[in-house]
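These protein sequence lines map, in sequence, to chains A and B.
Residues 1 to 123 in this note's numbering are what the first sequence lists, from first letter to last.
Residues 124 to 230 in this note's numbering are what the second sequence lists, from first letter to last.
Don't read these hints as lab results, they were simulated from the structure.
No experiment lies behind these values; they were computed from the predicted model shown.
The C-beta atom is built at its ideal place from N, Cα and C for all residues, glycine as well.
Among the clues, some could well be false.
With a straight-line Cα cutoff of 20 Å, these simulated PhoX-like cross-link-like pairs (lysine-lysine) come out [said to hold, decoys possible]:
hint, chain 1, residue 1, chain 2, residue 2
1, B, Lys226, A, Lys45
2, B, Lys162, B, Lys226
3, B, Lys162, B, Lys230
4, B, Lys226, B, Lys165
5, A, Lys45, B, Lys162
6, A, Lys45, B, Lys165
Cβ-to-Cβ under 10 Å is the rule here; a few derived chain B residues that face chain A [to be verified]:
hint, residue
7, Lys165
8, Glu178
9, Gln223
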Amino acid sequence: QLQLQESGSGLVRPSQTLSLTCAVSGDSISSSDFSWNWLRQPPGKGLEWIGHIDHLGTTFYTPSLKSRVTISVDRSKNQFSLNLASVTAADTAVYYCARVTENILRGVTFDFWGQGALVTVSS
Amino acid sequence: DIQMTQSPSSLSASIGDRVAVTCRASQVIGNSVAWYQHKPGKAPRLLLLATSRLESGVPSRFSGSGSGADYTLTISSLQPDDFATYYCQQYYAYPPTFGQGSKVEIK
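Please construct the entire structure, taking both the sequences and the accompanying hints into account.
Listed below in structure tokens is the structure:
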């Protein structure tokens with residue numbers, strides 16, 4: 001049974017870097033069948049896709065966050081990570097990791113998610 | 124980015140009711156729509172993709188329809204487990220974008 005679990009600091013100071021990790025169990029993060037994604041949901045707002053990393057380590061980010069985001073993978077620990085630099089209060093959100101199955105018939109649909117991690121940006 | 128406008132933002136319904144949630148995209152999105160169910164504190168769950176294709180394990184009371192820019196999620200007979208927030212998502216173009224959510228509450 002696939003499980004994704006987010007972890008990281010729940011409180012980040014403004015201008016600092018937000019760091020989260022998603023531990024994957026039940027699948028290999030190195031499989032060519034999947035890409036691994038980060039999304040977020042600010043309080044009272046909708047879901048926003050942040051970016052993904054595939055089995056080759058290729059990354060793709062949403063344009064509005066591209067200058068501040070880095071997604072990386074640690075294959076030895078079967079986990080992937082999100083770094084978001086220069087955060088402000090607008091980055092306060094519940095952050096989710098999620099899997100996309102790489103299949104043209106499925107498109108970019110998120111078939112497994114973590115439960116989410118609340119990150120608050122505040123001094 | 125493609126904007127997804129979802130309605131209603133919330134609704135109250137009773138067990139057994141037929142419930143529909145709609146999503147309008149800012150452009151034609153070629154049936155590239157998915158729907159998710161989300162309960163507080165839990166992982167979101169993919170219900171349907173490609174407008175009307177049920178994900179494995181999803182009850183048949185959930186269905187999807189639509190074309191062009193307008194799409195609908197229907198629950199044919201609301202069950203206690205269905206009280207949640209529902210989101211549409213387009214994957215016609217990057218970045219994938221979501222509606223604001225429709226919260227289904229108990230009347």
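Hint check results:
1. B:Lys226 x A:Lys45: The hint holds at about 13 Å.
2. B:Lys162 x B:Lys226: holds (10 Å)
3. B:Lys162 x B:Lys230: With a Cα-Cα distance of about 17 Å, the restraint between Lys162 of chain B and Lys230 of chain B holds, given a limit of 20 Å.
4. B:Lys226 x B:Lys165: Roughly 15 Å between the alpha carbons, so the hint for Lys226 of chain B and Lys165 of chain B holds.
5. A:Lys45 x B:Lys162: This hinted pair holds, its Cα atoms lying about 15 Å apart.
6. A:Lys45 x B:Lys165: holds (17 Å)
7. Lys165: holds (6 Å)
8. Glu178: holds (7 Å)
9. Gln223: holds (4 Å)
Comparing the model with each numbered hint stated earlier shows that all of them hold.
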